[in-house]
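Colleague: This is what each chain is made of:
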Amino acid sequence: MDMQDKEFDSLFRSKLENFEAEPTGQVWLGITEQLDGKRRYRALLPWLSIAASVTILAAAGILFIPQKKTGDVKHSDKVNIAKTLPPVIKTQPVKVKPEPKATAETVTHPANRLAHVKASPVNSAPAKVKEAAPASAPAIDNVVKHDEQPVLAVQQKQELVTPVLPAEAAPIINNKAIGAIQTIAAANPPVTDKQEAAQPKPKKRVHGIGGFLNTVIAAVDKRKDKIIEFSNSDDDESSNISAVNLGILKFKNKDK
Amino acid sequence: MMFLEHKYTIDELIKRCKANERKAQELLYKQFASKMLGVCLRYATDRMEAEDMLQNGFIKVFQKIEDYRADGSFEGWIRRIMVHSSIEYYRKYHKMVQLVDVEQAESHSSVDALATSKLAANDLMTLIQQLAPGYRIVFNLYAIEGYSHREIAEIAGISEGASKSQLSRARSVLKEQIAKMEGKRYGYAG
Chain A
13 MDMQDKEFDS LFRSKLENFE AEPTGQVWLG ITEQLDGKRR YRALLPWLSI AASVTILAAA
73 GILFIPQKKT GDVKHSDKVN IAKTLPPVIK TQPVKVKPEP KATAETVTHP ANRLAHVKAS
133 PVNSAPAKVK EAAPASAPAI DNVVKHDEQP VLAVQQKQEL VTPVLPAEAA PIINNKAIGA
193 IQTIAAANPP VTDKQEAAQP KPKKRVHGIG GFLNTVIAAV DKRKDKIIEF SNSDDDESSN
253 ISAVNLGILK FKNKDK
Chain B
15 MMFLEHKYTI DELIKRCKAN ERKAQELLYK QFASKMLGVC LRYATDRMEA EDMLQNGFIK
75 VFQKIEDYRA DGSFEGWIRR IMVHSSIEYY RKYHKMVQLV DVEQAESHSS VDALATSKLA
135 ANDLMTLIQQ LAPGYRIVFN LYAIEGYSHR EIAEIAGISE GASKSQLSRA RSVLKEQIAK
195 MEGKRYGYAG
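These protein sequence lines are chains A and B, in that order. Adding 12 to a residue's 1-based position in the first sequence gives its number in the numbering used here. Adding 14 to a residue's 1-based position in the second sequence gives its number in the numbering used here.
Treat each hint with caution, since some may be false.
[Said to hold, decoys possible] Stretches of chain B that chain A covers, calculated by requiring three or more beta carbons in the stretch to come under 8 Å of a beta carbon on chain A: (1) 41-48; (2) 68-80; (3) 93-103.
[To be verified] Pairs of lysine-lysine residues, derived as DSS-like cross-links and limited to a Cα-Cα distance of at most 27 Å, are as follows: (4) A:Lys18 / B:Lys32; (5) B:Lys37 / B:Lys74; (6) B:Lys189 / B:Lys178; (7) B:Lys194 / A:Lys27; (8) B:Lys44 / A:Lys27; (9) B:Lys78 / B:Lys189; (10) B:Lys32 / A:Lys27; (11) B:Lys37 / A:Lys18; (12) B:Lys198 / B:Lys178; (13) B:Lys49 / B:Lys74; (14) B:Lys132 / A:Lys27; (15) A:Lys27 / B:Lys78; (16) A:Lys18 / B:Lys106; (17) B:Lys78 / B:Lys37; (18) A:Lys18 / B:Lys74; (19) B:Lys29 / B:Lys44; (20) B:Lys132 / B:Lys78; (21) B:Lys194 / B:Lys106; (22) B:Lys178 / A:Lys27; (23) A:Lys18 / B:Lys78; (24) B:Lys198 / A:Lys27; (25) A:Lys18 / B:Lys178; (26) B:Lys106 / B:Lys74; (27) B:Lys78 / B:Lys49.
Read the hints as simulated data drawn from the structure, not as lab findings. None of the values given here were measured: they were computed from a predicted structure. The beta carbon of each residue, even a glycine, is placed where N, CA and C say it ideally should be.
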């Protein structure tokens, strides 16, 4: 006897409509996990967005600000270092000569960007101290004491003089007053002339060097420290900082 | 006594569930889990699938309970969510390839109403679970949930004609299966 469709359907309905079965404990666990998970996620959202924005700002800062920052920091350090370590510079100029060629080219481009960086020479100061300090240490101490007030101009002259003079000359300088030093510098025309002549041209390069130093410092190794030494000579002339640095670099480059 | 206490608790539970109280959610779940698993089983191929559907359905219940207005039966509300959750499960995990227009199938197999009525609920459940998903969904929605073809078309995302033909095919397959079972029984008996 054939069933009507309605009859057939109602048979299924009557037997299955109230069908029950006990679920396993996994179902409730899964429900709580998902409810908690979504709550946690929602709670984390604001923090995640904050973290993301901070990361982006930091990345932007590293990309665009770093050069200026390194230059500024170094400047402050430079002032102290330059005053204390003027004599050391003697040895530096010689050492620097070999490397300047490579650096000068690269530096020139950054220099334009880093016009602000004038202070950059400071970076080189620490390196100078390390290398030069051991050799000239005794002489330097005396000189520094006398020179401290004299200002940078005097220091520059001294530096110029020192390279020319042999190691023995150093003691003499120490005893002499700043004025005496100046006279000595004048007495040694050949050395000073070269440097002075070089200075005017180098100015542009100095900025470049500063930039170069900054960039180098950011990613540099010990080798770069050597480069910094070049800049250290610049630091000694810190009053004219940028120009001096450039001049030294140029000198080196020209010499080579 | 039990009934009154029960009813009071449901309303109270709903309020507390709206406040996102975990203990109330658990009590509400325990109150309806078995019944709703019975619903999901009809839409599933096996018990594992049914429990997945049940889990998804209850998560929706707790997420949407704020929108529940006491204008209808709460059980009916939950049941509708379970049905939708079960169909959505198939949309997600199975392409409803079977939900296409099929020739209107005439049911050739004749089945004894008495024989069908002797089948246990478990047997009928097994028969439904063995249907292709498209047939199963339409048969459930029409024969057991009581939706019209128009409503089914909307819920399942198919045409009304497809709903009708799928229903017809589903019945036909079920009757064939019942006849087979009957034949086996008679075979063993004889």
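Colleague: For a C-alpha distance cap of 27 Å, please report whether B:Lys37 and A:Lys18 respect it.
Modeller: violated (43 Å)
Colleague: Quick one, are A:Lys18 and B:Lys74 close enough, alpha carbons at most 27 Å?
Modeller: Violated. A:Lys18 to B:Lys74 sits at ~33 Å, over the 27 Å cutoff.
Colleague: Take a quick look at whether A:Lys18 and B:Lys32 sit within 27 Å of each other, Cα to Cα.
Modeller: violated (40 Å)
Colleague: Taken at face value, is the distance from the CA of B:Lys49 to the CA of B:Lys78 at most 27 Å?
Modeller: holds (19 Å)
Colleague: Quick check: do three or more residues in the region 41-48 of chain B have a beta carbon closer than 8 Å to a beta carbon of chain A?
Modeller: holds (count 3)
Colleague: Taking 27 Å as the top limit, are the C-alpha atoms of A:Lys18 and B:Lys78 close enough?
Modeller: violated (35 Å)
Colleague: Against the 27 Å threshold, does the CA-CA distance of B:Lys198 and B:Lys178 hold or violate the hint?
Modeller: Violated. B:Lys198 to B:Lys178 sits at ~31 Å, over the 27 Å cutoff.
Colleague: Against the 27 Å threshold, does the CA-CA distance of B:Lys44 and A:Lys27 hold or violate the hint?
Modeller: OK: B:Lys44 and A:Lys27 at ~23 Å, within 27 Å.
Colleague: Decide if the proposed pair is consistent with the structure: B:Lys132 and A:Lys27, CA atoms, cutoff 27 Å inclusive.
Modeller: Holds, because 10 Å separates the two Cα atoms, which is no more than 27 Å.
Colleague: Just to be careful, I want the Cα atoms of B:Lys49 and B:Lys74 compared with a cutoff of 27 Å; is the pair within it?
Modeller: Given that 27 Å is the threshold and the Cα spacing comes to 16 Å, the pair holds.
Colleague: Measure nothing beyond the straight line between the CA atoms of B:Lys78 and B:Lys37; if it is 27 Å or shorter, mark the hint as holding.
Modeller: holds (17 Å)
Colleague: For a C-alpha distance cap of 27 Å, please report whether B:Lys78 and B:Lys189 respect it.
Modeller: Status violated; Cα separation ~39 Å.
Checked against the numbered hints above, the structure violates hints 3, 4, 9, 10, 11, 12, 15, 16, 18, 20, 21, 23; every other hint is satisfied.
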